[in-house]
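Using numbering that gives the first Met the number 0, you'd call the opening residue of the sequence shown number 0 and step up by one each time.
These are computed hints drawn from the structure, not numbers from a lab. Among these hints, one or two may not hold up.
[Stated by the list, open to error] Derived CB-CB ranges, DEER-like:
(1) Trp89 - Thr60: 32 to 38 Å
(2) Leu4 - Ile139: 46 to 52 Å
(3) Arg142 - Gly15: 56 to 62 Å
(4) Asn83 - Pro123: 20 to 26 Å
(5) Glu32 - Ala100: 31 to 37 Å
(6) Leu93 - Asp46: 45 to 51 Å
Heads up, the beta-carbon is just placed ideally off N, CA and C, and yes, glycines get one too.
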Amino acid sequence: MIQELGLQMAYNQDVGTHALCRKLMSLPLLPHEHITTMFHTLTDIADLVPALTDLIAYVRTQWIGGTVFTPGDWSVFQQNIRTNNDVEGWHYRLNHRGKRAKLPLYLLCHLLYPEAQLISMQAPLLFPDLSFLLAVSRLICARAEE
0 MIQELGLQMA YNQDVGTHAL CRKLMSLPLL PHEHITTMFH TLTDIADLVP
50 ALTDLIAYVR TQWIGGTVFT PGDWSVFQQN IRTNNDVEGW HYRLNHRGKR
100 AKLPLYLLCH LLYPEAQLIS MQAPLLFPDL SFLLAVSRLI CARAEE
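Model the full assembly from the supplied sequences, consistent with the hints where possible.
Below is the structure:
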């Protein structure tokens with residue numbers, strides 16, 4: 000959005016604009032209950048820079064007070080995986096092992112099977128409370144069968 004609003008030069012050359020944009024981009028790292036308060040603090044600062052008016056309006060309408068997403072939806076505070084970099088890296092490795100992208104189904108299945116074998120080892124690392132979730136899932140299934 001910074002580029003779309005023509006703020007790229009100000010972002011690269013003006014220290015204040017750069018700092019404020021970085022703070023706006025870091026809002027998802029806060030607990031969701033603090034995001035709105037911090038946004039209002041940043042808007043008080045941004046009011047001193049007229050060029051940022053459109054950016055602040057966009058963040059306010061799309062992310063802070065929007066009807067589609069709430070700060071609770073996009074806060075990544077204390078989440079183990081906060082970006083799609085892990086997924087992109089996994090896709091790259093899979094394509095590299097297959098020697099190309101857009102693999103045929105039979106080759107893709109051949110590559111995915113060893114990956115599936117690793118899930119029992121990787122899942123507890125990503126989801127430390129997985130045993131609790133599995134226990135709750137079993138309980139729900141058992142009650143549904145009754």
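Going down the list of hints, with the structure as the test:
| no. | hint | in the structure |
| --- | --- | --- |
| 1 | Trp89 - Thr60: 32 to 38 Å | 34 Å, holds |
| 2 | Leu4 - Ile139: 46 to 52 Å | 47 Å, holds |
| 3 | Arg142 - Gly15: 56 to 62 Å | 57 Å, holds |
| 4 | Asn83 - Pro123: 20 to 26 Å | 22 Å, holds |
| 5 | Glu32 - Ala100: 31 to 37 Å | 42 Å, violated |
| 6 | Leu93 - Asp46: 45 to 51 Å | 48 Å, holds |
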